Amino acid sequence: MRGKKLGRLLGVVLAVAVAVGVTGEAAVAGAAPTKTPPNVPGFNGSTIKLGVITPQSGLASVVGKPLTEGNRVYWDAKNAKGGVGGKYKVDLTIQDSQYQVETALQSYDAIKGDVVAFNQILGTQIVKSILPRLKQEQFTGAPATLDSLWVKQKNLIPIGAPYQIEVANGMDYYLKNGGQGKKVCAIAQDDEYGAAGLDGLTQASKTLKFKVSKTVRFATTSDVSAQVGELADANCDAVVMVSLPNDTGSIVTKMIGRNFTPQIIGTGPTWLTGFENDANNGAFYRDHFMLVTEGPAWGDTSVPGMAQMIKDQQQYAPDQKPDQYFAFGYAESWAVDQVLEQAVKNGDLSKAGIQKAVNQVSTLKFDGLIGDYKYGSSASQRNPSRASTINKIEVGQPIGLSILAQNLTSQAAKNIKFKG
Amino acid sequence: MTKFFSLLADGLALGAVYALVALGFVVIFRATGVINFAQGGLVVFGAFLVYQAEQTWGLPFWVSALFAAVCVAAIGAAFEGLVLRRMIGQPIFAIILITIGLFLLVEPITTTIWHNPPGGIETPWGLSRVTIGDVKILQVNIATVVLGAIVMGGFFLLFQYTKVGVGMRATAVDQEAALAQGINVRRIFALSWAIAGVVAVVAGMMLAGGAGPAPGLSVSLAVIALRAFPAIILGGLDSPGGAVVGGLIIGVAEVMTKGYVPDFIPALGPEFGDIVPYLIMLVILLVRPFGLFGTPEVRRV
Amino acid sequence: MAGASRAMIRNYADDLRLFPTAAKRVSLVVLIALYLVIPYLINDEWASVLALAGVVAIGAIGLNLLTGYTGQPSLGMAAFIGLGAFIAGYYGGGRIADGIGYEFNVFVYLFIALVAGGVVGFVIGLPALRLRGNYLVIVTLGLVFVALYVWQKWTTFTGGNEGSPMPIKADISLGFWSIDFLKPTVLGKDLGPKQGLMYLAWGFVIVAALLVKNIVRTRPGRALQAVRDRDVAAEIVGVSLFRYKVGAFVISSAIATFAGVLYGLYLGYLTPDQTSLGLVLSIEFLAVIVVGGIGTIYGSILGAILIGALPKIIEQFVPDNWNLPVLGWPIVTNSAGATGFTKGALSTIIYALLIIVFLVFEPRGLAGIWRRIQAYFKTWPFSY
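Chains as they are written, first to last, in this note's numbering: chain A, 24 to 443; chain B, 10 to 310; chain C, 707 to 1090.
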């Protein structure tokens, strides 16, 4: 009996407390919008927590680790300047996805209650599977993948030119620099990422009027000798490659083994710093590989965005080698920062508040580090940058890349349409 | 025909690697009656040790290979002495599981030490080719077959003509009788593991150096090594000669399938080649459960 | 019949009883109470751990029947788990958004899995009749890779390399009562999906445990153990090898496929690749029955809880960065490219060492340890 009474009493006290809390919040929301945002899961009044779902182990960690490092360096620099809105520090909660959809979903469930948004979700397939949950729970996340499926999703904060743009610009450059009339083929990973690259190729083939002779797909980290054999038997002159670094290595090894030396046009994620010096494949990369990326060369401090990143990197990650994934990660945090600044200005760091802020940023600016991204007032108005950088491989350059054409915006890229 | 011969060259190189891994299985099985699942792990570890010596310390290729061989042989012998020796008399299944435990240790340890490096092992042959008629063959493939033949030849000489070899054969036939004859069975056990370690290093460094259908230097080499299991089933668990023949057959069958499936039955997909070794194994087991050259177990009810 | 109400088992008849002692009957009631209460109170993170442990326990109980009681070691678990999970994706409405598959209620696709698993188990069991020990291990190893290939190619069923989303609801409606195990409401409180899965999984742990316990304590169980200990002798005394070996395969595979459905619900998404459905998954189930104790059912359950919770325990109790005292060697790290083990690597290493240590020093597993503790207290003060 005593226990019951005590329980009832406790219930009353709690109810009162909750009521007070609610009225307190209402009071804040009603006041001037620049007031302190009320505490929400992931924000305790002084620190904003952001989730990161990324491969820290396994073969894709060669992408995930530098990318996350870029995320961190941006926030370290920002925190040193006071943080978001000049006073709120940002802290990353990092979960290892192993580049596995299953693990990533578990990671998402594990941290969704502790963060206000996701600063990085890596992997096209992974973002695709997490997206329904983001929608359902009104969450916002930044995908570390350049798929065009994200362009019109209000729960995502995409940056960069999608893979479709990369392939279109790459093909445009190839055809205008000696590739006219050559036999074009493609090798692509058998998932959403590969499909995005191939979609770009199909769309570009209509604008640029060329034919794709042969397309092969492969499962990640499998033996690719048969696929390479098919391309070699088809006598392709150019091969559009949509893969991750580990598979790039095995594909190129197989090509060399067959004495098959087409011109490769690779999307951004095919490359890994250090490939240019590879004992077996280095020469092939230098002679036959063309990589499509975005933004200026690493260390080109004439571009303000790059100068800022290099300064922060030297201070907060002095051991970091030049790496394009690091730069992407840095830009990604920068994008999330612009959204958070808006949300803090609105005085609302709740999930709905961040969703609202996304529609108010109008254009995400990166001072030239990557192309600016028009966001407009709703997701349907978004328009990504259509510019790419075409690189060749050269030893001694940072990241092993030397620029052939910067800010290339081809008609083929302008014509790319995004689904959704 | 050009395609056929270049596939044959690829297949023989892969077969030589399978044969080496299979030989490692057979040596241990004959001495101790254990199927060593960790063999694939030793292959990976061997490849990474060669990488360490060659790419990080800048040692010449052959010195690096020697260094890795000594290390992995020592690891094998130590594992036998420290762990497996305590398991004598336990069910086969328990002993297999212990070697699986060792296998599981390899992946986290190699990734922790080496972080999936982008480069590979630099062999003296690189990726250069020789041309015979119309057929271009990777030198590293030829080297793998030759090196495999030398290592296996050395093993057979040891096995047939030395005192240790006689001891190994005697132990394989009857442990207790061998012990009674004054053969140091424990040393034979350790030696078998050491030999398995050495052949694993040779297989690993050739795979990581670009021979056969390899993903380069990567922990997934272990999966390739697992495909040597069908080789020993084909050849017979206790027959070293069978391991070599089985390895070559499986290697050639796998590469040929991968080469011709896209031409004739594209719906099967190139991955079909990966499971061909297992399919061959299933057929063999249904027809001759003790393999082509294995000792039949007589069991009648 | 002598009533076996006292604390000790004194004769064979007592030993055969399902719940031989009063203590066991009391503990059964306590366990059922815990089953009902724990998911209601637990937080999301630990619910996730225990839901997975329950799923693994079901599979392990099935494997134990085959490996522990019948002596047929199998590395094929991953194939059956995959089958079950893809059945969930296809028949449970996981891919209905893409216009593929069906949207049955949870017990329907669990039943489909049970039947499909049994049929496949029968087919696998036939060749296994001719094989023993080492050979059987290698054949079942091959099964894992062949199954992976089939999943990758059978795109209508599995989604191919892209994989298959799993059902987002696991509901059952009986008119007067309905529940969605992925979004359950218990006594007016909304629980998370992992808590709901705990109810579903642990409910079936109890069912599977009783089923297998009843098989092994009766005539078929003695026959199975005779097959394990000496199959030739078993055949001579009239045990049909065909019937019992194949039967063990059928039941064990059906249970494994059943567990696969729940595994799919737990994961939420499944891709047919080495990491998700490869050899390591099969090894995990073997590890569970070894660490728990081969040939005991509660051992399988204890093993599943320990192995299932291991990554979480490490996540929770190992610091993010930890250097060896005095020497200062970095042992644990969470930063990119730094020296030291990540927690993921550490958990694999500890798990591998657990397998080795248990096999070498405690072959009877956690169950053996537990039995020794019990014996100590039961015979007190005459313990030694």
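Keep in mind the hints are simulated off the structure, nothing from the lab. One thing to keep in mind: the hints can contain errors.
Simulated pairs of lysine-lysine, BS3-like, Cα-Cα distance not exceeding 27 Å [stated by the list, open to error]: (1) A:Lys237 - A:Lys437; (2) A:Lys72 - C:Lys859; (3) A:Lys344 - A:Lys440; (4) A:Lys177 - C:Lys1018; (5) A:Lys175 - C:Lys1049; (6) C:Lys859 - A:Lys177; (7) B:Lys172 - A:Lys206; (8) A:Lys344 - C:Lys1049; (9) B:Lys172 - A:Lys237; (10) A:Lys158 - C:Lys875; (11) A:Lys374 - A:Lys206; (12) A:Lys237 - C:Lys1084; (13) A:Lys177 - A:Lys415; (14) A:Lys206 - A:Lys388; (15) C:Lys1049 - A:Lys374; (16) A:Lys415 - A:Lys229; (17) A:Lys112 - C:Lys875; (18) A:Lys58 - A:Lys388; (19) A:Lys158 - C:Lys889; (20) C:Lys895 - A:Lys232; (21) A:Lys374 - C:Lys859; (22) A:Lys344 - A:Lys397; (23) C:Lys859 - A:Lys135; (24) C:Lys895 - A:Lys158; (25) A:Lys104 - A:Lys415; (26) A:Lys135 - C:Lys1018; (27) A:Lys135 - A:Lys101.
Since this is a predicted model, take the numbers as computed values, not measurements.
Verification of the hints:
The straight-line distance between the Cα atoms of Lys237 of chain A and Lys437 of chain A is roughly 25 Å, inside the 27 Å bound, and the hint therefore holds. Distance hint between Lys72 of chain A and Lys859 of chain C is unfulfilled; the C-alpha atoms sit about 42 Å from each other, more than 27 Å. With a C-alpha separation of about 36 Å, the suggested pair Lys344 of chain A and Lys440 of chain A falls outside the 27 Å cut-off, and the hint is violated. For the hint pairing Lys177 of chain A with Lys1018 of chain C, the CA-to-CA distance comes to about 33 Å; that exceeds 27 Å, so the pair is violated.
Straight-line distance between C-alpha atoms of Lys175 of chain A and Lys1049 of chain C comes to about 37 Å, which puts the hinted pair past the 27 Å bound. With a C-alpha separation of about 34 Å, the suggested pair Lys859 of chain C and Lys177 of chain A falls outside the 27 Å cut-off, and the hint is violated. For the hint linking Lys172 of chain B to Lys206 of chain A, the alpha-carbon distance of about 64 Å lies beyond 27 Å, and the restraint is violated. Taken as a hint, the Lys344 of chain A and Lys1049 of chain C pair is honoured in the structure, with Cα atoms around 25 Å apart against an allowance of 27 Å.
Among the hinted pairs, Lys172 of chain B with Lys237 of chain A is inconsistent with the structure: their alpha-carbon atoms are about 60 Å apart, more than 27 Å. At roughly 17 Å between alpha-carbon atoms, Lys158 of chain A and Lys875 of chain C fall within 27 Å of each other, so this suggested pair holds. Restraint check for Lys374 of chain A and Lys206 of chain A: the C-alpha separation of about 50 Å exceeds 27 Å, so the hint is violated. The hinted pair formed by Lys237 of chain A and Lys1084 of chain C fails the criterion: a straight-line CA distance of about 75 Å is larger than 27 Å.
In summary, the hint linking Lys177 of chain A to Lys415 of chain A is not supported, as the alpha carbons are separated by about 36 Å, beyond the 27 Å threshold. As the CA atoms of Lys206 of chain A and Lys388 of chain A are separated by approximately 39 Å, the hinted pair breaks the 27 Å bound. For the hint pairing Lys1049 of chain C with Lys374 of chain A, the CA-to-CA distance comes to about 30 Å; that exceeds 27 Å, so the pair is violated. Taking the CA atoms of Lys415 of chain A and Lys229 of chain A, the gap is near 26 Å; set against the 27 Å cutoff, the hint holds.
Pair hint Lys112 of chain A plus Lys875 of chain C does not hold up; C-alpha atoms about 38 Å apart against a cutoff of 27 Å. A C-alpha spacing of about 26 Å is found between Lys58 of chain A and Lys388 of chain A, which places the hinted pair at or below 27 Å, so the restraint holds. For the suggested pair Lys158 of chain A and Lys889 of chain C, the alpha carbons sit about 17 Å apart, so the restraint of at most 27 Å is met. Taken as a hint, the Lys895 of chain C and Lys232 of chain A pair is broken in the structure, with Cα atoms around 61 Å apart against an allowance of 27 Å.
For the given pair, Lys374 of chain A sits about 40 Å from Lys859 of chain C by alpha-carbon distance, which is inconsistent with the 27 Å threshold. A hinted pair counts as satisfied when its Cα atoms are at most 27 Å apart, and Lys344 of chain A with Lys397 of chain A does not qualify at roughly 31 Å. Our distance criterion of 27 Å between C-alpha atoms is broken by Lys859 of chain C and Lys135 of chain A, whose separation comes to about 34 Å. For a cut-off of 27 Å, the pair hint linking Lys895 of chain C to Lys158 of chain A stands: about 23 Å separates their Cα positions.
For the suggested pair Lys104 of chain A and Lys415 of chain A, the alpha carbons sit about 37 Å apart, so the restraint of at most 27 Å is broken. Pair hint Lys135 of chain A plus Lys1018 of chain C holds up; C-alpha atoms about 17 Å apart against a cutoff of 27 Å. Taken as a hint, the Lys135 of chain A and Lys101 of chain A pair is honoured in the structure, with Cα atoms around 23 Å apart against an allowance of 27 Å.
Hints 2, 3, 4, 5, 6, 7, 9, 11, 12, 13, 14, 15, 17, 20, 21, 22, 23, 25 from the earlier list are contradicted by this structure; the remaining hints agree with it.
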